[in-house]
Structures are given as C-alpha cells and as structure tokens.
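K.L.:
Given next are the chains, with one letter for each unit.
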Amino acid sequence: MAAHSNRFEFWSGAARTLPLIIAIAPFGILFGALAVDNGFTVAEAVLMSAAVYGGASQMVGIELFGQRVAPWLIVLSIFIVNARSILYSAAGGRLIGHWSAVQKALGFFLMVDPQYAETERRAERGRSISFAWYMGLALPIYGCWIAETLLGALFGRLIGNTHALGLDFLVPIYFLSLVMGFRQRANWLPVVVISAVGSMLVYQILGSPWHVTVGALVGVLLAAALPVRAA
Amino acid sequence: MSTTFWIIVAAAVLTYFTRIGGHLVLSRFASVHPRVQAGLNAVPAAVLTTLVAPAAMSGGLAEWAALAATALVSLQGGVMAMIVAGTAVLILLRHLTG
Numbered sequence: 001m002a003a004h005s006n007r008f009e010f011w012s013g014a015a016r017t018l019p020l021i022i023a024i025a026p027f028g029i030l031f032g033a034l035a036v037d038n039g040f041t042v043a044e045a046v047l048m049s050a051a052v053y054g055g056a057s058q059m060v061g062i063e064l065f066g067q068r069v070a071p072w073l074i075v076l077s078i079f080i081v082n083a084r085s086i087l088y089s090a091a092g093g094r095l096i097g098h099w100s101a102v103q104k105a106l107g108f109f110l111m112v113d114p115q116y117a118e119t120e121r122r123a124e125r126g127r128s129i130s131f132a133w134y135m136g137l138a139l140p141i142y143g144c145w146i147a148e149t150l151l152g153a154l155f156g157r158l159i160g161n162t163h164a165l166g167l168d169f170l171v172p173i174y175f176l177s178l179v180m181g182f183r184q185r186a187n188w189l190p191v192v193v194i195s196a197v198g199s200m201l202v203y204q205i206l207g208s209p210w211h212v213t214v215g216a217l218v219g220v221l222l223a224a225a226l227p228v229r230a231a
Numbered sequence: 232m233s234t235t236f237w238i239i240v241a242a243a244v245l246t247y248f249t250r251i252g253g254h255l256v257l258s259r260f261a262s263v264h265p266r267v268q269a270g271l272n273a274v275p276a277a278v279l280t281t282l283v284a285p286a287a288m289s290g291g292l293a294e295w296a297a298l299a300a301t302a303l304v305s306l307q308g309g310v311m312a313m314i315v316a317g318t319a320v321l322i323l324l325r326h327l328t329g
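Chains A and B supply the protein sequences, listed in that same order.
So in the numbering used here, spot 92 of the first sequence is number 92, and the numbers just go up one at a time.
To get the numbering used here, take the position in the second sequence, counting from 1, and add 231.
Since the hints were derived computationally from the structure, they do not count as laboratory data.
Bear in mind that the values here come from a model prediction, so they are computed numbers and not experimental data.
By construction, the Cβ of each residue, glycine as well, lies at the ideal position given by its N, Cα and C atoms.
Be aware that one or more of the hints could be misleading.
To be verified - Partner residues are not named here, just some residues of chain A that face chain B (Cβ under 8 Å, in silico):
id, residue
1, 88
2, 173
3, 199
Starting from the given sequences, assemble the full structure and let the hints guide the process.
P.N.:
Written as structure tokens, this is what we have:
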C-alpha cells in the first residue's frame with residue numbers, strides 16, 4: 001500500500017515537470033554551448049551541471065572563466081548568485097521538516113528555483129510534501145538539465161537564431177509565471193514592487209550578480225517589517 | 232586535476248552550503264518569530280522577482296509585451312498557458328519590429 005502510494009506521489013510530481021522542462025531546456029543547451037565556447041571540455045560542462053546544479057550561477061561562472069578571471073573570484077561569484085538558496089533553504093525547510101536527515105540532505109541539493117517554487121505552491125494548497133512527490137518533480141528536471149548540457153556542449157554550434165525563436169527570454173517569462181502564482185500571499189504586491197525596484201537599482205549600480213541577493217533581501221525585510229496580517 | 236575541475240568542485244561545495252545553510256541555522260531555534268515567518272513567506276515572490284526585473288529592464292517593447300501577456304494570462308490560466316502566451320507575443324513582436 002505504502003509502495004503504491006509512493007509511486008502515485010512520485011508520478012504526480014513528475015507530471016508537473018513538463019512546462020518547466022520546456023522553459024528550461026534552451027537554457028541548459030545554451031549553457032553547454034557557451035561552456036565549450038569558453039574553454040570547458042564537454043566532461044567539465046556536464047560535471048558542473050551535475051555538481052553545482054544552478055543555471056544562473058553556472059552562466060556567470062563560465063562567462064568569468066572565459067574572461068580569464070582569477071579562480072577564487074569565479075567561485076565567489078557563483079556563491080553570490082546562489083546565496084538566494086539560503087532563503088529557499090530556510091523557508092523550504094519548514095515544509096520538509098518531517099523528512100529523515102538523508103532525505104533532507106538530498107532534497108536540499110536539488111532545491112533549485114522551480115523546485116522550490118513548486119514545493120511552496122503545493123504546500124500553499126494544503127498538501128503535505130512527501131519525499132516521493134518531491135523526487136518525482138526533482139529527478140526529471142535534474143536529469144534533463146544534465147542531458148541538455150551534454151547536447152549543448154556537443155552540438156551547440158547547430159543552434160539557429162535563438163533570438164528570433166524567443167529562446168533567450170523563456171526563462172524570465174517562466175519566472176514571472178511563478179511570481180504570479182504567489183499573488184494570494186500576504187503583502188505580495190509591495191514585496192514584488194520593492195524587490196523589482198531594488199534589484200534593478202543594484203543591477204545598475206553594482207551590477208550582476210549582487211542584484212539577486214540584495215533585491216531579494218529588501219523584499220523579505222519589507223515583509224518582515226510590515227504589520228503581520230491577522231489570520 | 233585541472234584548475235577547471237577544482238573551480239567546479241569548490242563552487243559545488245559552496246553552493247551546497249547555501250542550499251542547506253538556511254535550514255541548518257533556522258532549525259536551531261525552537262520557535263520562529265512571526266516577523267521571521269512573514270519574511271520567509273515572502274521569499275518566493277521576492278527572490279523570483281529579482282530574476283525577472285533586470286531582464287525586463289534590459290528588454291524592449293517585445294519583451295515588455297511578452298511579460299505583460301504572461302501576467303495577464305496568469306489571472307485565468309495555468310503555467311503552461313502563461314508560457315505559451317508570453318512566448319507567442321515575444322516571437323510575433325520580434326518578427327514585426329525585427
């Protein structure tokens with residue numbers, strides 16, 4: 001019975017991954033292609049996708065690598081881009097507190113932006129987050145990310161005009177659709193507005209990758225400072 | 232092993248710390264203050280917005296219209312409908328404004 005319901009949970013997680021995989025696929029292929037362009041071997045590109053597993057940070061990393069920036073600075077930049085995961089970890093940890101230590105150790109490794117957002121949305125609908133459901137969502141995304149990197153690294157030069165096909169802007173569109181999905185939450189509009197303004201200002205003044213961390217912190221601090229709505 | 236290999240390993244280890252770090256710190260506290268709860272509830276919207284806003288700022292008419300279409304469809308449709316609408320507007324306008 002338990003095995004049966006685990007299987008059901010796994011597949012109901014996997015069923016949610018299709019739009020996400022479509023949105024992210026061009027990004028993964030692009031990363032593979034750019035990594036090889038910037039001097040990575042195919043194996044290194046795939047290793048980075050498998051071990052770091054954070055699209056935006058990987059892009060920043062290979063860009064700096066191509067510019068021959070000092071290794072420690074590349075590592076630091078990747079860390080800064082991924083620092084938002086500390087917030088995901090703190091917020092998402094409340095949803096998977098009932099898991100075993102090993103399940104958590106694996107679950108947090110896989111907690112990338114869409115994984116975290118889908119988990120929050122399921123919890124918002126009053127559903128509990130089972131390990132099986134989470135893995136059903138996570139493993140197809142993780143597997144595709146690695147496969148796309150390999151494809152891009154091997155055949156990147158075959159990609160046509162990504163601009164005309166709109167592929168370069170799929171990720172922002174996808175992330176906006178996620179933002180809109182949380183609009184029932186307390187103080188959603190002020191948080192979105194101040195995070196947007198904050199990240200754009202920092203993007204102009206300090207540049208990438210600081211805009212993500214600072215912009216997100218401003219939004220979270222505002223939500224903490226605003227009056228807590230009576231439940 | 233090459234420098235590249237060690238860059239990747241170091242980046243992977245630090246990234247993993249970010250993924251478990253927030254939880255490890257928060258789980259040391261027996262109870263979470265309501266203001267911290269409110270802040271954590273805002274995490275998805277706050278973080279995801281910062282991934283959209285600078286891209287929107289660097290975009291032109293086609294990109295803005297695509298995001299507007301995505302937001303509009305979100306009032307009724309699901310994620311797939313939003314992506315299809317946003318991308319369709321984007322491709323169309325990019326072809327028209329070339």
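K.L.:
All hints, please: hold or fail.
P.N.:
Checked hints:
Look at residue 88 (chain A): its Cβ gets to within about 7 Å of chain B, closer than 8 Å, so that hint holds up. A least Cβ separation of about 4 Å between residue 173 (chain A) and chain B falls short of the 8 Å threshold, and the interface hint therefore holds. Satisfaction of the interface hint for residue 199 (chain A) is found here, the shortest Cβ-Cβ separation to chain B being roughly 4 Å, below the 8 Å cut-off.
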